[in-house]
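Starting from the structure of chain A, add chain B with the ligands where the hints point.
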Amino acid sequence: MVSGLLLTPILQHIVLAYTALFVSIALGIPLAILALYSRPLQKIVMTLANLMQAVPTLAVVAIVVPLIGIGFWPAIVAIILRALLPIIKNTWIGLSSVDPVLIASAEGIGLSEWEIIRYVRLPNAYPAIFAGVKFAAILANSVAILTAMIGSGGLGSLVFEGLAGVNMMKMLSGALPAIGIALFLDASFSWMERRLLPRSGQSGLE
Amino acid sequence: MTLKRPFDRIETIDIHGVRKRFGETVAVDGISLDIRGGELLILIGGSGSGKTTTLRMINRLIDPDEGTIAINGIDTQTIDGIVLRKNIGYVIQQIGLFPHMTIRENIGLLPTIEGWSREEIDSRVAELLILVHLPPDQFMDRYPKELSGGQQQRVGLARALVMNPPLLLMDEPFGALDPLLRRQLQDEFIGIKEDIGKTIVFVTHDINEAFRLGDRIAIMHEGQIVQLGTPRDLILNPADKMVSDLVGSDRLFGHIASLTVSDMMVPASPIISGEMEVQSAIGVMVQSGSKIAVVRNRASSFSVLLLSTLLQMRDEVKTVLEATDPPFFLSMDASLLSALEEMKAASVSLGLVMKDGEPAGLLLPDDLITRLV
Ligand SMILES: Nc1ncnc2c1ncn2[C@@H]1O[C@H](COP(=O)(O)OP(=O)(O)OP(=O)(O)O)[C@@H](O)[C@H]1O
Ligand SMILES: [Mg+2]
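As they're listed, the protein sequences go chains A and B. Position one of the first sequence corresponds to residue 229 (the numbering used here), numbered consecutively onward. Position one of the second sequence corresponds to residue 32 (the numbering used here), numbered consecutively onward.
Note that these hints are calculated values from the structure, not bench results. Fair warning: there could be bad hints in the mix.
In silico negatives: residues of chain B with every beta carbon more than 10 Å from chain A [to be verified]:
(1) Ile-126
(2) Met-132
(3) Leu-140
(4) Asp-153
(5) Gln-215
(6) Ile-287
(7) Glu-373
(8) Met-385
Some chain B residues judged to face chain A by a derived CB distance under 7 Å, without partners named [said to hold, decoys possible]:
(9) Gly-79
(10) Ile-113
(11) Gln-124
(12) His-131
In this text, a Cβ means the ideal position worked out from N, Cα and C, and glycines have one as well.
Only chain B is shown next, with the shape it has when bound in the complex:
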């Protein structure tokens, strides 16, 4: 198979029974993992736990001894490694910018090889530099040595994005930066991640980074995946002592145990009428920058409305009421922990906090966990 682009978007990556040894060392010991299109999956674990080896098997820098890796159902062994890698962005901790090339040449290398014109390359490079917060006219013609570590890492990300790959592999990209800068780049990266909408597999040592960036987290130990789940799953249901130590469940639980719902709720706004026109409701929500609204019905009962649901159903419904979901009620002074457990048991991800018969706030467990860590 020698297609120029083996895939334009990622539906799934199925890693199945993959094993890899180097001489006596078993680096990856039979892992299976389904990565979903569009998610940011974190691989975290101690040194030597097999994270890098796993990552490098996805783009065939390393071939597994056993097992298969399929992207969108196509076994990667049937795709030429070079073609595959040109279609997958790759960022490493050491960055590896080419010292003899300017920033423009570094980012533009693959396009140059692909035969793009000078104008196309320049405008793509400028576009990417803006994305990673580096003014193009200042940075295009500099050499990597003339950039700080954080700036170089931004260029490394831009270079990985240049062919617009649907999949991005990142191996401790912020690992070498000092904590303050790391935090800043994480914040920027969260923004960029929203913009580019790619599937990302991200290796880190840093559990806080994992919680901040990850949709799901796979915890690796001695070449195996010990647990895979959302930050919330890992904190609330750690598979074993190793996981609970790593995610700091004890520390968090100690902290959470003393909190009530009111400590962690977010304001319930806007509150809109159930009879409001769909279009104006969308307007109100977009304007207030809120993805969730509380809807007041005539009988002074309440329900909750997700902007995403409203946008989906806007042609089918007349009033917003028809697009709302029944609320899961919580009281202000309930213990946060029991509220979270109740919500988990009912598998709801949104709680409406009431006080004196009026909505007082919203509780969003997923968002809450990232705020706690």
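Just chain A, with the same shape it has in the complex:
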């Protein structure tokens, strides 16, 4: 009976969270690669990443309003601000923590900087990048609830209206799908990880 009513907020929520997540990935991974080759950029990115970790999510959402107002796009910006940094940080850590012997050997056989990223650094960083993206996805999902406060629409609206009107049904009809989506996101990323990550021979099997 509620399913028809729910469809629009669910879709809104998904569009909100996923758009922000994909923009974060598209910005975050290249930024992390650039940070590898620019000391100043690396400093800025890491400082910001640590700072943002400490700022409460609510504060991030709140700070967007005086800067760019309310509605869908400000909400997207708020989610990106939260989701971007775990991606950058994890990607950077993954890329920069590759065994120096592998980098030396790649340089020695004549790989260019880009080929080293493509064939050595990125594959070795995949697990860390995936962990970052997964974490960012969960963050995006929960921030997308909060952004209802600044007019993004979506499942958060149901939650907040339910809370305000002490309407348990309404609140749950917002919260439960959000939880479902979170679980689905997590499961699908785990599945993708298993599919994409090459067997590295570390399993000890076979």
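Just chain B with the ligands now, with coordinates in the frame of chain A:
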């Protein structure tokens, strides 16, 4: 200069007045060195003597502060470092196989980047695995973790050879292996070296390895080359105490002093007639696996014949006699040391040992030194 392949073969590598410092440390202190195409040159010396730095300046992983390095007369500074390195094989002690790639992918990485087809890559990888004594069907799809240290080092060599580079740089490739395995890989490597016919610069700590593998040996100390020469030069004429300690001249001399020519000669066979047809002489020598034959002339005098000379001159001469060299005679019970000195003074590299007017054996100083160490 952005040629795909800056050179197909090595004529010379001229290292001239090269200096490199890292902060306060002078790693390489003005070395000059001419490496000849096709030779295996050893760089040996104590820890921190500048061997790795020298090697890495050849493929421009490091650029010298002063001096020049030219390959076939072309200053390497005019060649893009990446292009240069793709054309020079490089093997290191830590091997550095990529753990996330199979053996096939590790060896096939450069061909993949160069856009070879899957079939071309597979057949090249298989060919190289066979060369380094690893059955392709067993090893192609394994990961480096699933290989022993010696097997990984073989794959490292195969990877370095994949683009068929005319020059190979090897930095203590067998340094991490236990002595028995090291010896085995050296033996295999000697065979591979013959097959591939490349110019090789090889860094080692191990003087026995240097003697076994090297055509010439450069001894480094504190960033300088103390002496450069064949194993024989270094043992017989060490430049200073450091060199004689390193090559163990005393130990060897002590040993050599007690030997006679007969102790170290090799059998003189085959013995053929001076009137033998060139073709059949080649046949006899190839069949007996001998690069040197003793030739008996009519007047029961003797001369020596090198297979290489015979092959070169086979169209110009009728009988083998015309291709022979006059022998340098030695007697069986002469002291080995004085025989070697006489041979050195006469600059001959082959002695014919006689007993009762008949050839009894051959003395080959170069081969002898590798047998002694
Ligand atoms: N990248 C670097 N930065 C600073 N110092 C360096 C660097 N590379 C080499 N050195 C120094 O230069 C000197 C020569 O080093 P090099 O690696 O060439 O020696 P090596 O003969 O290869 O020694 P080993 O046998 O221990 O490998 C050493 O004192 C070393 O500490
Ligand atoms: Mg070294």
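Structure versus earlier hints, numbers of those that do not hold, lowest first: Violated hints (numbers, rising): 1, 2, 3, 9, 11; every other hint is consistent with the structure.
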